[in-house]
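Q: Just so you know, the protein sequences line up as chains A and B, in that order. Numbers in my numbering are just positions in the first sequence, counted from 1, shifted up by 2. Numbers in my numbering are just positions in the second sequence, counted from 1, shifted up by 2.
Hint data in this document are derived by calculation from the structure and do not stem from the laboratory. In this text, all values refer to a predicted model and were calculated from it rather than measured experimentally. Don't take each hint at face value.
The list treats identical chains as interchangeable, and a pair is accepted whether it falls inside one copy or across any two copies.
[Said to hold, decoys possible] Subject to a maximum C-alpha distance of 35 Å in a straight line, what follows is the list of computed DSBU-like cross-link-like pairs (lysine-lysine): (1) Lys203 <-> Lys225; (2) Lys141 <-> Lys225; (3) Lys141 <-> Lys210; (4) Lys141 <-> Lys203.
Protein chains: 2
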Amino acid sequence: TEDIYPTRQGDPERWINRADPVVWSEWTPDAPISQRQAESFNRDGFLVLRDLFSTDEVQALIDRAAHLRVEGQNLNREDVVTEPDSAEVRTIFRLETQDPLMMRLACDRRLAGIAQFLLGDDVYVHQSRLNYKSGFTGKEFYWHSDFETWHAEDGMPRMRAVSASLLLTDNRAHNGALMLMPGSQNTYVSCSGATPRDNHKRSLQAQKVGTPSPESLDRLARKHGITDAEGPTGTLILFDSNTIHGSNGNITPEPRSNAFFVYNAVSNRLQDPFAADRPRPDFLARRGVPEPIELHTGRLV
Amino acid sequence: TEDIYPTRQGDPERWINRADPVVWSEWTPDAPISQRQAESFNRDGFLVLRDLFSTDEVQALIDRAAHLRVEGQNLNREDVVTEPDSAEVRTIFRLETQDPLMMRLACDRRLAGIAQFLLGDDVYVHQSRLNYKSGFTGKEFYWHSDFETWHAEDGMPRMRAVSASLLLTDNRAHNGALMLMPGSQNTYVSCSGATPRDNHKRSLQAQKVGTPSPESLDRLARKHGITDAEGPTGTLILFDSNTIHGSNGNITPEPRSNAFFVYNAVSNRLQDPFAADRPRPDFLARRGVPEPIELHTGRLV
Chain A
3 TEDIYPTRQG
13 DPERWINRAD
23 PVVWSEWTPD
33 APISQRQAES
43 FNRDGFLVLR
53 DLFSTDEVQA
63 LIDRAAHLRV
73 EGQNLNREDV
83 VTEPDSAEVR
93 TIFRLETQDP
103 LMMRLACDRR
113 LAGIAQFLLG
123 DDVYVHQSRL
133 NYKSGFTGKE
143 FYWHSDFETW
153 HAEDGMPRMR
163 AVSASLLLTD
173 NRAHNGALML
183 MPGSQNTYVS
193 CSGATPRDNH
203 KRSLQAQKVG
213 TPSPESLDRL
223 ARKHGITDAE
233 GPTGTLILFD
243 SNTIHGSNGN
253 ITPEPRSNAF
263 FVYNAVSNRL
273 QDPFAADRPR
283 PDFLARRGVP
293 EPIELHTGRL
303 V
Chain B
3 TEDIYPTRQG
13 DPERWINRAD
23 PVVWSEWTPD
33 APISQRQAES
43 FNRDGFLVLR
53 DLFSTDEVQA
63 LIDRAAHLRV
73 EGQNLNREDV
83 VTEPDSAEVR
93 TIFRLETQDP
103 LMMRLACDRR
113 LAGIAQFLLG
123 DDVYVHQSRL
133 NYKSGFTGKE
143 FYWHSDFETW
153 HAEDGMPRMR
163 AVSASLLLTD
173 NRAHNGALML
183 MPGSQNTYVS
193 CSGATPRDNH
203 KRSLQAQKVG
213 TPSPESLDRL
223 ARKHGITDAE
233 GPTGTLILFD
243 SNTIHGSNGN
253 ITPEPRSNAF
263 FVYNAVSNRL
273 QDPFAADRPR
283 PDFLARRGVP
293 EPIELHTGRL
303 V
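Could you build the full structure based on these sequences and the hints that come with them?
A: So, in structure tokens, the structure goes:
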């Protein structure tokens, strides 16, 4: 099949228009978001939703996350990233497989149900993780489109995936809130260069390959502006696979934490990577026949 | 004379109550700021003033700053800091001595006049600089009190100095706006450790000595909170010498620039350093008999 989103082929960087819808469903009154929210996601490539979860539910998730981080030593080592200079757990991958409450969350109508609606298909979890960054020294995460990496290194064919980040701490611009360029999801920046072997071992630290050039980022920022996805604990941020995003470092004492799930349409299952020797490991990109999520409704706890 | 603000004496870190006023004058109707602004500075240790300068004045300063950065190669080398990997000028010290317009700005009633009022004395420029940080890669500046350094390394005896930063670019939390802890000016964090010889050669890159411990910063942030000094080009930020402040890095494409003047009361002239072998060079801390600024009123241009 033809690659409509070529990248890292040794050609100069160029901009390609998105060939896929952003919202794949017609809105109806029984959709899990309002018509206005659906239009907003379609226009901006992201949506910030507050007050979807009760205080009790959020507290239960915070407690469980803290527990998982403490128990991190007992988890599969491949799934856990610790701080370079301590045993403190920074990331736990395959989050929903580690804990029943996190599995329940991954299947919740407020996450997976919205993803189903946006993608117009059954969905499965392509990647998931618990993120925790302590205060004072949190490093920045540079601008990128997730889809570019998933396409190049995981073989995701089309833009039919959405990320859901549930904030487990308050997040403000000054403690490194997610920044997004609204509308950037409609431009695919085909990157120059090529993928080094086992690039993911480096890119989890700091992404070098597959990021737009400063010139492209400058043009995109002028065209679209930059929005800070700020919100209190419990806020849900949904963003399209191709929306350009990044986050600044954080010298404030306040840590940042979130539960993060990437939903992919089952019809968009992974192929061979489009620009890498071999696919990334399973904890970064679930391969094989996708198993559609069965939605759960009602309270988590 | 007794050192009422001891620091870096090899003792453990401790908190000392401020022994000096924050606002040294009684407010009267002919003061250069309103009574409410004076109270706000007294309470918070800083003040953000918009619309003090006309668009024409701000544009003239921006143009002059750009000119100075281009001409930076012709200035005294000690006064100029360039980027590590290029000849791009990042900082120009002794700003008012480099250019007549900058001298006019340093003497303006809207800067030096407010400083005179706040400090209840004639003032002189202790340190000044033009700051410029390009976008994408701007590094963070960690939490500190300026006074701690000026006391330890420059021999400034009392808390009777104020900094004035005139923004020459828009500054928002997400492009590394100055962050301040309102009220922190009333606590002096006496730091552990000692000053290494020629510490300023390192501390201009990243401050290690003379910063409060994470535990102190965490307590201070909980007690006082953190305010982002955001504002459009032309905004003036005034802050007390002991207000704890810092700034995050900046991955946005937007550069940051300001004209920065530290005013010290002439009665507060420098002595021998309180915690260093020898004083820092003149471009960082003007020594000798202070020459009081003569105020200029009216438009800059």
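Q: Are the hints correct? Go through all of them and say.
A: Consistency of the hints with the structure:
no.: 1; hint: Lys203 <-> Lys225; result: within (33 Å within a copy, 40 Å between copies)
no.: 2; hint: Lys141 <-> Lys225; result: both (27 Å within a copy, 25 Å between copies)
no.: 3; hint: Lys141 <-> Lys210; result: both (15 Å within a copy, 18 Å between copies)
no.: 4; hint: Lys141 <-> Lys203; result: both (17 Å within a copy, 24 Å between copies)
In this structure, none of the earlier numbered hints is contradicted; all agree with it.
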